[in-house]
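One letter stands for each residue in the lines below.
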Amino acid sequence: MRGESSEQVLNGQKIFEELFIIEGGNFNKAGEVASRIKVILKNMGIPDELVRRAALVAYESEINIVSYAKQGYMKLTVNPDLIMIESIDEGEGIVDIELAMQEGYSTANDRIREMGFGAGMGLCNIKNYSDYFDLRSKIGKGTYLKMIIESQQKNPKTE
Amino acid sequence: MTLQDVKDILDAEMIVGGDKLDMEVKTAFGADLMSDVLAYAKAGSLLLTGLTNPQVIRTANVLDIAAIIVVRGKKPPQETVNLADEMHIPILCTKYILFETAGRLYQKGIVGCVEKVQSKS
Ligand SMILES: Nc1ncnc2c1ncn2[C@@H]1O[C@H](COP(=O)(O)OP(=O)(O)OP(=O)(O)O)[C@@H](O)[C@H]1O
Ligand SMILES: [Mg+2]
Chain V
1 MRGESSEQVL NGQKIFEELF IIEGGNFNKA GEVASRIKVI LKNMGIPDEL
51 VRRAALVAYE SEINIVSYAK QGYMKLTVNP DLIMIESIDE GEGIVDIELA
101 MQEGYSTAND RIREMGFGAG MGLCNIKNYS DYFDLRSKIG KGTYLKMIIE
151 SQQKNPKTE
Chain L
1001 MTLQDVKDIL DAEMIVGGDK LDMEVKTAFG ADLMSDVLAY AKAGSLLLTG
1051 LTNPQVIRTA NVLDIAAIIV VRGKKPPQET VNLADEMHIP ILCTKYILFE
1101 TAGRLYQKGI VGCVEKVQSK S
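Line by line, the protein sequences are chains V and L. Anchor point for the first sequence: position 96 equals 96 in the numbering used here, and the numbering is continuous, going up by one each time. Anchor point for the second sequence: position 34 equals 1034 in the numbering used here, and the numbering is continuous, going up by one each time.
One or more hints might be untrue.
[Stated by the list, open to error] Residues from chain L that face chain V, not an exhaustive set, calculated with beta carbons under 10 Å:
no., residue
1, ALA1031
2, ASP1032
3, LEU1033
4, MET1034
5, ASP1036
6, ALA1039
7, ALA1043
8, THR1049
9, PRO1054
10, ILE1057
11, ARG1058
12, VAL1062
13, ASP1064
14, GLU1079
15, VAL1081
It is worth saying that the hints were derived from the structure and are not from the lab. Just so you know, even glycine gets a beta-carbon here, dropped at the ideal spot from N, CA and C.
Taking the hints into account, I'd like the entire structure generated from these sequences.
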């Protein structure tokens, strides 16, 4: 699941990056990357509340990749100002983004529902918990999600 | 109250986390839908659920849930137990149904981690 991790200094700012691979359809592993991201952020000494929000958006998007794509990646970037999580998958893509963003809309199958998912809340939840959120998708190609959590909370989110 | 009190009130069996019985808990959330747990449950709360797959533990880990109470006499499979052990998340099993479990805890002072959900604009 782990890819390369790197730490570099750019303009005097320390930047941490790590890439993770996510296997579509493998529900046994679903959530491993989010757990891993949580440990990394905790070890960096980032406040619990920010770690929790980052882990949550990572988990929701990881579950979506496992549920709706054949293969995907997640990239974690941390600098002193923000935590950025990007999720990229090679899946079916989202036909109607506006519809997918509506609470309650879901195309989840029985297998996903059996595990307690598929209520059509994930994307709304991701949006609620990130300071910046961008979703792009190409039908038949895949989906790209960018989620940013700022370290300095300008507009504190509800926990 | 402590996790030991929760265990006594629910006549529950401790599956994982016997070393955490003195942990203090004040709030809880109950659902069989992990999507809802992710949207509403708060850090430090008990999670009351009838689901026993490993995703319950993953969800609890992401949210910093204090402990999981498995209701309706269900027993979590070994893979769930192993993951909970690894992540230091206590699991208690009770024979009471979700409603009865929630009622018994509420009567003794545990409250919901959110009282009412915010209406969406
Ligand atoms: N990465 C993705 N690739 C393709 N389709 C997606 C992807 N992510 C979401 N979708 C589509 O958008 C819908 C809504 O996603 P969302 O995460 O909000 O809810 P859900 O996954 O159905 O349920 P929940 O997240 O509440 O368990 C999905 O049912 C699916 O149709
Ligand atoms: Mg989802």
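Each hint, compared with the structure:
1. For ALA1031/L, the shortest C-beta to C-beta distance to chain V is roughly 8 Å, which falls under 10 Å, so the interface hint holds.
2. Annotation: ASP1032/L was flagged as interfacial toward chain V, and the flag holds, the nearest CB pair being 6 Å apart, inside 10 Å.
3. Against a cut-off of 10 Å between C-beta atoms, the interface hint on LEU1033/L holds, since the closest Cβ of chain V lies about 6 Å away.
4. Because the beta carbon of MET1034/L sits about 3 Å from the nearest beta carbon in chain V, less than 10 Å, this interface hint is met.
5. Proximity of ASP1036/L to chain V holds as hinted, the smallest CB-CB distance being about 6 Å (cut-off 10 Å).
6. This hint holds: ALA1039/L has a C-beta 5 Å from the nearest C-beta of chain V, less than the 10 Å allowed.
7. Evaluation of the ALA1043/L hint against chain V yields a held restraint, the C-beta minimum of about 6 Å falling below 10 Å.
8. A distance limit of 10 Å between C-beta atoms decides the matter here; for THR1049/L the minimum to chain V is near 8 Å, and the interface restraint holds.
9. A hinted interface residue such as PRO1054/L counts as satisfied when its beta carbon comes closer than 10 Å to some beta carbon of chain V; here the least separation is about 7 Å, so the hint holds.
10. Checking ILE1057/L against chain V by beta carbon gives a least distance of about 8 Å; that is within 10 Å, so the hint holds.
11. The criterion of a C-beta within 10 Å of any C-beta in chain V is met by ARG1058/L, whose closest approach is roughly 3 Å, and the hint holds.
12. Interface hint at VAL1062/L: satisfied, since its Cβ lies 5 Å from the closest Cβ of chain V, which is below the 10 Å cut-off.
13. Look at ASP1064/L: its Cβ gets to within about 6 Å of chain V, closer than 10 Å, so that hint holds up.
14. The beta carbon of GLU1079/L is positioned within 10 Å of a beta carbon in chain V (closest approach about 8 Å), and the interface hint is therefore held.
15. For the restraint placing VAL1081/L at the interface with chain V, the shortest Cβ-Cβ distance is roughly 15 Å, beyond the 10 Å limit, so the hint is violated.
Violated hint for the displayed structure: number 15, the only one.
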